[in-house]
Amino acid sequence: MMGRLQVGRAGLRTGFLARGGWALPLGLAALAVGILLPFFVQPFFVDIMTRVLVFAILAIGLNLLVGYTGLPSLGQAAFLAMGAYTLAILIKRLGVGHLPAALAAIAAAGLLGAVFGLIALRARGATFLLITLALAQSAWAIAFTWRSVTGGDDGIGGLTRPVIGFLPWSMEDARVYYFLVLIVFLVLLWAFRILVRSPFGLALQGIRDNELRMRSLGYNTWLYQYVAFIVAALFGGVAGVLRAYLTEAVTPGWAEVTPSAEALLMVIMGGPGTIVGPVIGAAIVVPAGQIANFFTNRWMIVLGAIYVVVVLFAPGGIVGWLRRGPAEKRA
Amino acid sequence: MTALAAEGLSKRFAGLMAVRSVDLAIEDGECRAIIGPNGAGKTTLFHLLSGVERPSAGRIFLCGQEVTRDPPYTRAHKGLGRTFQISSLFGKLTVEENVLLAAQVKGASFAMHRAATSYGPVMEKVERVLEEGGLAHKRSVPVRFLSHGEQRQLELLLALAAEPRVLLLDEPTAGLSEAERKSMTAHLARIRGSTTIVLVSHDVDVAFALADRVTVLHLGEVLLEDTVDAVRQDPRITDIYLGEEIEPQRA
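Chains A and B supply the protein sequences, listed in that same order. So that you can map any letter, position 256 of the first sequence is 256 in the working numbering, and since no number is skipped, the others follow by simple counting. So that you can map any letter, position 187 of the second sequence is 187 in the working numbering, and since no number is skipped, the others follow by simple counting.
No lab work stands behind these hints, which were simulated from the structure alone. Wrong hints could be hidden among the right ones.
What the hints assert, rightly or not - Here's a subset of chain B near chain A, in silico, CB distances under 7 Å, partners left out:
hint	residue
1	Pro72
2	Ala76
3	Lys78
4	Gln104
5	Val105
6	Met112
What the hints assert, rightly or not - Taking beta-carbon pairs under 7 Å as the criterion, some of the chain B residues facing chain A (in silico):
hint	residue
7	His77
8	Arg82
9	Ser88
10	Ala102
11	Ser109
12	Ala115
13	Ala186
Because the structure is a prediction, the values reported are computed rather than measured. Just so it is clear, CB atoms sit at the ideal spot from N, CA and C, and this is done for glycine as well.
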């Protein structure tokens with residue numbers, strides 16, 4: 001049955017999500033599951049849920065580039081690794097406290113974004129994608145070879161989660177840490193929602209749709225893209241800090257192409273240019289990766305196959321597919 | 001005061017001289033039509049004036065300031081607006097969001113902390129532009145669902161929403177039906193005088209109806225610059241452009 005015709009921000013919507021205010025109930029239901037589920041599953045699964053949230057933060061940042069600015073990047077994991085390594089080095093090697101170390105780690109990821117952005121934004125499209133991939137591989141090479149600082153292929157281990165004095169619970173408890181990450185995730189999701197609806201966010205969408213016209217209207221499009229690149233890197237830095245505390249270690253593999261490709265798939269699968277799309281993508285790709293590891297060590301091939309299927313059958317991702325009407329789905 | 005001026009403006013593409021030593025001086029409040037047959041260099045001249053292309057030689061002045069090396073966005077901030085021959089809009093966004101993008105550029109375009117639609121003066125400007133342009137009832141429609149005529153109208157509204165001092169209009173009536181053409185011409189006539197307009201058009205009826213003066217380009221050079229009546233009566237125009245072939249098509 002056709003849904004009620006609704007004209008809105010995302011177009012003429014006739015799909016399930018457009019039939020009137022489903023987004024809020026669905027969001028609240030997902031939040032309820034997110035809050036209650038950890039009490040009914042083993043800590044191993046709670047850690048997977050935490051991992052979903054960490055990667056969702058990484059993918060939300062990437063979505064600002066891919067979905068809102070039209071800049072597909074394969075280097076997002078470099079910022080995650082930068083955040084994680086900076087945190088681990090400051091705490092383990094230099095004895096810095098957790099809070100300043102975490103803030104410095106996020107700032108370092110933003111700084112790396114500022115440097116990478118200067119190089120990558122000299123190009124657009126596929127060339128931009130390849131430059132981000134090359135830059136991320138450079139970050140991996142530095143992490144792998146600079147053994148005296150990064151620990152080489154061993155990485156840095158022995159990180160412990162912070163003790164928050166006024167809380168009666170230990171962060172070493174998987175559930176407690178999960179809820180800390182959930183709070184950070186919700187705050188960032190809310191901030192992201194404000195950002196993409198702001199004049200800056202609208203300008204990014206204008207650049208995605210028609211960069212030449214934006215320049216003619218008076219927008220320094222390069223500057224907007226550059227700031228978006230840095231904001232995406234900051235999200236990556238937050239994800240890196242949270243992941244480092246989750247695993248209590250960091251290794252060079254975090255800067256490899258695989259987590260970058262996973263983040264890109266989360267965005268594309270969930271729905272680029274939508275607020276919750278990357279979260280849905282992370283909720284699918286992270287557990288899928290865990291399950292695939294039981295059966296195959298060729299996760300990248302599985303990843304590639306999923307990518308092809310999504311691009312062919314749901315180019316707007318899951319959220320885009322749900323927003324489309326039945327006739328559009330058949331087309 | 002001269003609103004827009006060009007001195008010895010030239011543009012070479014490999015072996016082709018698309019624009020050759022063009023001099024222009026367009027007065028504040030004037031409506032100048034630039035006409036010429038296909039290949040005369042009209043669109044290239046527009047690209048040079050708006051900053052999309054860099055000139056091979058010559059200088060450009062906007063309200064007395066040299067802008068030859070300025071990128072398009074800097075020229076826009078200095079008061080230059082333009083439309084495109086083929087509608088250049090933001091297809092995934094709504095009509096209102098399209099106009100908002102143009103209206104917010106001189107205000108809060110870098111703000112990140114509140115909704116774009118929460119800026120009162122900007123939204124008032126959007127509302128006014130949509131009402132005057134006759135697209136208020138389509139405000140929530142994504143641009144890709146508009147008819148060609150509505151897209152041409154929105155193309156103009158985007159330029160107007162940025163409140164330019166000098167407006168470059170590239171074929172504003174291209175592809176319009178007779179009724180849409182009349183409506184567009186009437187709209188342009190309303191804004192004429194309040195904004196300096198430079199109009200490129202194949203539609204000489206529209207150009208002559210609106211212009212104070214006309215510049216005729218031929219093979220990249222200025223063949224003639226004069227009043228509408230003088231240009232209309234110049235036999236060279238008939239030779240290069242307004243010949244026998246044109247009249248039967250209009251009939």
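Original post:
Taking the closest Cβ pair, is histidine 77 of chain B under 7 Å from chain A?
Top reply: holds (5 Å)
Chain A contact restraint for lysine 78 of chain B - C-beta distance below 7 Å: violated (9 Å)
Requested in this report: For the hint on alanine 115 of chain B, just tell me whether its beta-carbon gets within less than 7 Å of chain A.
Outcome: holds (5 Å)
Q | chain A contact restraint for valine 105 of chain B - C-beta distance below 7 Å | A | holds (4 Å)
Evaluation of the interface hint that places glutamine 104 of chain B against chain A, nearest CB under 7 Å
holds (5 Å)
Item checked: Status of the hint placing serine 88 of chain B at chain A (closest C-beta pair under 7 Å) -> Holds - the Cβ of serine 88 of chain B comes within 7 Å of chain A, reaching about 4 Å at its closest.
Report task. For the hint on alanine 186 of chain B, just tell me whether its beta-carbon gets within less than 7 Å of chain A. Result -> With a closest approach of 25 Å, the alanine 186 of chain B hint is violated.
| Given hint arginine 82 of chain B near chain A, where the shortest CB pair must fall under 7 Å | Check passed: Cβ of arginine 82 of chain B comes within 6 Å of chain A, closer than 7 Å.
Q.
Please check whether alanine 76 of chain B passes as an interface residue: C-beta within 7 Å of a C-beta belonging to chain A.
A. holds (3 Å)
Satisfaction of the alanine 102 of chain B interface hint, Cβ to chain A closer than 7 Å: Hint holds; alanine 102 of chain B Cβ to chain A Cβ min 5 Å, cut 7 Å.
Mind checking the CB of methionine 112 of chain B against every CB in chain A and telling me if the closest is under 7 Å?
holds (4 Å)
**Asked** Do the numbers back the hint for serine 109 of chain B, that is, is its least Cβ distance to chain A under 7 Å?
**Response** Hint holds; serine 109 of chain B Cβ to chain A Cβ min 5 Å, cut 7 Å.
Violated hints, listed in ascending order, are 3 and 13; each of the other numbered hints is respected by the structure.
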